[in-house]
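Engineer: These protein sequence lines are chains A and B, in that order. Heads up: the first sequence begins at 1 in the working numbering, then just goes up one per residue. Heads up: the second sequence begins at 1 in the working numbering, then just goes up one per residue.
Because the hints were derived from the structure by calculation, they are not lab data. By construction, the Cβ of each residue, glycine as well, lies at the ideal position given by its N, Cα and C atoms. Some hints here could point you the wrong way.
Computed footprint of chain B on chain A, listed as stretches where at least three residues anywhere in the stretch have a Cβ under 8 angstroms from a Cβ of chain B [said to hold, decoys possible]:
#1 109-121
#2 217-227
#3 256-266
Residues on chain B that point at chain A, a partial pick, calculated with CB under 10 angstroms [unchecked claim]:
#4 Thr-363
#5 Tyr-412
#6 Gly-573
#7 Gly-575
One-letter residues, chain by chain:
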Amino acid sequence: MGKLLGVVLVVIALVSAYPILKNQYPLPEDISTHGHLIDEQLHDTMVEAGISFIGAQLVLAFFVWSFTGRKPGSPLKDLPGGARMLVIVAFVIVGLEVLALGAFGQKAWASVYFTPAKADSLQIQAQAEQFAFYFRYAGPDGKFGQIHPEKIDEGNQNYFGLDPENDVAARDDIVSGELVVPVNREIHLMLHGKDVGHSFFVRELRIQQDFVPGLDLSVHFTTTKIGKYEIVCTQLCGLGHYNMKAYLNVMSQADYDNWFKQQSAQ
Amino acid sequence: MSETSAQPAHVHAPPEGFWRKHVFSLDHKVIGKQYYALALVAVFTGMFLSWLMRIHLVWPAAKIPGLELMSKAGAPGGIMTPEYYLSLLTMHGTLMVFFVLTNAPFAAFGNYFLPIQVGAEDMAFPRFNMMSFWLTFLAWAVLMLAFVIPDGPPIAGWTEYTPLSAIGKDAGPGMQWGASLWGISIAIFCAASLLGALNFIATTLDLRTKGMTLMRMPLCTWAWFITSCIALLAFAVLLPACILLILDRHAGTSFFIPGGLVASDRLQPHSGGSPLLWQHLFWFFGHPEVYIAILPSMGIVSHILINSMRKPLLSAKVVIYSMMSIGFLSYMVWGHHMFLSGMNPMSALAFSFPTLTITIPATILTLMWLGSLYGANIQINSASLFALGFISMFVSGGVSGFFLAQPSIDIYLHATYFVVGHFHMVMGVASLFGVFTGTYFWFPKMTGRYMNEGLGKLHFWITFIGTYCIFMPFHYLGLVGNIRRYQSFVDDFMAPYIPLHKFITIAALITGAAQFIFLYNLIHSRFWGKPAPENPWNATSLEWTIPSPPPWNNFGDKHPVVYHDPYQYGVKGSGGDFVMQDSPEPAKGSGD
Numbered sequence: 001m002g003k004l005l006g007v008v009l010v011v012i013a014l015v016s017a018y019p020i021l022k023n024q025y026p027l028p029e030d031i032s033t034h035g036h037l038i039d040e041q042l043h044d045t046m047v048e049a050g051i052s053f054i055g056a057q058l059v060l061a062f063f064v065w066s067f068t069g070r071k072p073g074s075p076l077k078d079l080p081g082g083a084r085m086l087v088i089v090a091f092v093i094v095g096l097e098v099l100a101l102g103a104f105g106q107k108a109w110a111s112v113y114f115t116p117a118k119a120d121s122l123q124i125q126a127q128a129e130q131f132a133f134y135f136r137y138a139g140p141d142g143k144f145g146q147i148h149p150e151k152i153d154e155g156n157q158n159y160f161g162l163d164p165e166n167d168v169a170a171r172d173d174i175v176s177g178e179l180v181v182p183v184n185r186e187i188h189l190m191l192h193g194k195d196v197g198h199s200f201f202v203r204e205l206r207i208q209q210d211f212v213p214g215l216d217l218s219v220h221f222t223t224t225k226i227g228k229y230e231i232v233c234t235q236l237c238g239l240g241h242y243n244m245k246a247y248l249n250v251m252s253q254a255d256y257d258n259w260f261k262q263q264s265a266q
Numbered sequence: 001m002s003e004t005s006a007q008p009a010h011v012h013a014p015p016e017g018f019w020r021k022h023v024f025s026l027d028h029k030v031i032g033k034q035y036y037a038l039a040l041v042a043v044f045t046g047m048f049l050s051w052l053m054r055i056h057l058v059w060p061a062a063k064i065p066g067l068e069l070m071s072k073a074g075a076p077g078g079i080m081t082p083e084y085y086l087s088l089l090t091m092h093g094t095l096m097v098f099f100v101l102t103n104a105p106f107a108a109f110g111n112y113f114l115p116i117q118v119g120a121e122d123m124a125f126p127r128f129n130m131m132s133f134w135l136t137f138l139a140w141a142v143l144m145l146a147f148v149i150p151d152g153p154p155i156a157g158w159t160e161y162t163p164l165s166a167i168g169k170d171a172g173p174g175m176q177w178g179a180s181l182w183g184i185s186i187a188i189f190c191a192a193s194l195l196g197a198l199n200f201i202a203t204t205l206d207l208r209t210k211g212m213t214l215m216r217m218p219l220c221t222w223a224w225f226i227t228s229c230i231a232l233l234a235f236a237v238l239l240p241a242c243i244l245l246i247l248d249r250h251a252g253t254s255f256f257i258p259g260g261l262v263a264s265d266r267l268q269p270h271s272g273g274s275p276l277l278w279q280h281l282f283w284f285f286g287h288p289e290v291y292i293a294i295l296p297s298m299g300i301v302s303h304i305l306i307n308s309m310r311k312p313l314l315s316a317k318v319v320i321y322s323m324m325s326i327g328f329l330s331y332m333v334w335g336h337h338m339f340l341s342g343m344n345p346m347s348a349l350a351f352s353f354p355t356l357t358i359t360i361p362a363t364i365l366t367l368m369w370l371g372s373l374y375g376a377n378i379q380i381n382s383a384s385l386f387a388l389g390f391i392s393m394f395v396s397g398g399v400s401g402f403f404l405a406q407p408s409i410d411i412y413l414h415a416t417y418f419v420v421g422h423f424h425m426v427m428g429v430a431s432l433f434g435v436f437t438g439t440y441f442w443f444p445k446m447t448g449r450y451m452n453e454g455l456g457k458l459h460f461w462i463t464f465i466g467t468y469c470i471f472m473p474f475h476y477l478g479l480v481g482n483i484r485r486y487q488s489f490v491d492d493f494m495a496p497y498i499p500l501h502k503f504i505t506i507a508a509l510i511t512g513a514a515q516f517i518f519l520y521n522l523i524h525s526r527f528w529g530k531p532a533p534e535n536p537w538n539a540t541s542l543e544w545t546i547p548s549p550p551p552w553n554n555f556g557d558k559h560p561v562v563y564h565d566p567y568q569y570g571v572k573g574s575g576g577d578f579v580m581q582d583s584p585e586p587a588k589g590s591g592d
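Construct the complete structure from the given sequences, taking the supplied hints into account.
Structural biologist: Structure follows, in structure tokens:
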């Protein structure tokens, strides 16, 4: 039965690796300027993890095959080099891997989080609530109105709690259920949580960031491809969590300008 | 060999009467079995909930017979509502993490065997020990109460993130009383675990018999000892966190709730709290909890693998130091659960590095197991099959940790099925494989009877292959961006992957069904199994020097004396290829 386990282990290792090697489960298309860094890092890690996975399973399979069902009284042997050799191997190989992945592999993280958004980036505020996203643009005056939580009134579509009567900046704010952005322009997305924790995730954009009520968080990104992409919530937020979504609509600059004008006119 | 004790007084008197013997027992062995039984009830409940979830995921319109009896509101006409899916998800995670993965490998086996393996008559504080179990039982009962209250169980997941879990009924169904029951249950569980951990530590340090130096303790005893040290610090943080959560919910405090929140069209009467505080406190417990689940199984598997290989590990010391390093590092990595939580992005790198560093002791452990198999004479039985399966599963679940430890990759994989695949394999299934290994191996000691080997092997094959069929595809689904904790897949891009989800569900049903073979084997063998001798596996540690099942005071009126480390295999002894720990005959090294 030991031999059978050896065979099964080999089969499991190969069958598990096959879909990855054949790329049967590809990452979605990348539509951001920074996404390729994440994809490359993921690919490099897949190679390292894949070798460790297959290597360990095959060694286990080989030893189980070789050292079960031996004749009674067969001499016991110890691995040449013993524990000392294995500890050195672990420190050197895994240590180098850790250094490589940990220290040099954080370019993508740095590009998203360590560089501030450019001064001329387009500022948009995103609000997450049970179970919808709303997006707010500053309007032609370039200024956002203040949020007043006590004035939030979903029935009258005042999702952000604006006070246009007393707050001049709020009067021309544009509120949209869709995140409309111009292509090839940096977007500075400021996240506001209205009720509980949510998360903003666009697979193709390689951006995922939690909304934390009480914390003003932001992310910035530049899209590279026109199209419509799904925005989903990835932080468990209640019974409608699975259905909390909106769309990211990437347009040409001209189309975006038109859309902006139309919205401002309303 | 043993010598008469200089102290005839026993830790406690022999039990008399049904209640003292079987219910409110002070005997660590009875308490160990009680923990095991509770874990068994919890694991079958948790598995049943996962069946319901898997069926609902792929056949959302299916009427599940009897489901309406579980909850009329949660399953009108037998069809599960979205909120009831989340209730089941929360209860599945809570039952499995707390009442199975903490109870079975650590509290159950640790209670039963740690005192015997160090040569003690009982735990250091038998009354605390009894209290520890009954508090755990109370915690379980309080949690299960959530199934029967009208509000239903909470829907915030086993992590109960605030403010969702803190603002009460405005957060949704199950969040009024269900979430309170969760908080109370886990607070009680923490208190119970603290008592248990203190007991384990005191017993290990103070009650070792003559000759039982620390380095002569079996590896599983080491693992239970290290785990108790981790548990002492981890549960000591979750307990106050749960108390603060309960205060936020019922006393009007705002530890975890900031101002200006509007939920269910109501401005919440709170201000000044921080949702991130809960996440920090929760994960400061939560990550070490992963090691509370897996370390005991590492120890159990090492201990039993050596017996099956008929030769010691390349170095027991290296295994001990690796387990200690893992325990130590487990406190420096909690932030890797929070890369995208909005904490300072620089801290992501600070948490990423120690997370990746844990790979080093984990790799050393794996290499110790693998390297020791070389040149061995492996005996195949149900116990050793599960031990070998554990190594395979630990590697498979471990390598995916490489991805998630890196914040840049976590931007994409966070909250996908990749994460679910990772932790189910490495902390869930691997840990349970350790429990199965321990059960098949120690059953003859605990009952005086063998388990059925044929059924044990059948159980192994279905479970081993089935587990891969369930959890390996989770990783693929994560790569394409399948989000976890969704009760149905309404996104267009998911359509091509529904057949794979169906495959997973069928694999889960079959693998789950195989656990009933185990349950049958367990119950049947308890009463009608083949009688086993005192030391059926030719093992060396102290539990195999006493009758099966052991008497109430373990070693009678004697105190054993220990002469060797517990892994004197492959040597010529009077009984065969091994020398017992309490035998004065010469052996290979003292292990000091």
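Engineer: All hints, please: hold or fail.
Structural biologist: Going down the list of hints, with the structure as the test:
Coverage of the region 109-121 of chain A by chain B holds. Counting CB-CB distances below 8 angstroms, 4 residues qualify, and the rule asks for three or more. Residue count for the region 217-227 of chain A with a Cβ under 8 angstroms from a Cβ of chain B: 1. That is fewer than the three needed, and the coverage hint is violated. Check on the region 256-266 of chain A: 0 of its residues sit with their Cβ under 8 angstroms from a Cβ of chain B, so the three-residue criterion for coverage is violated. Against a cut-off of 10 angstroms between C-beta atoms, the interface hint on Thr-363(B) holds, since the closest Cβ of chain A lies about 4 angstroms away.
A least Cβ separation of about 6 angstroms between Tyr-412(B) and chain A falls short of the 10 angstroms threshold, and the interface hint therefore holds. Against a cut-off of 10 angstroms between C-beta atoms, the interface hint on Gly-573(B) is violated, since the closest Cβ of chain A lies about 14 angstroms away. At about 15 angstroms, the closest approach between the beta carbon of Gly-575(B) and any beta carbon in chain A exceeds 10 angstroms, and the interface hint on this residue is violated.
Taken one by one, the earlier hints fail for this structure at numbers 2, 3, 6 and 7, listed in ascending order.
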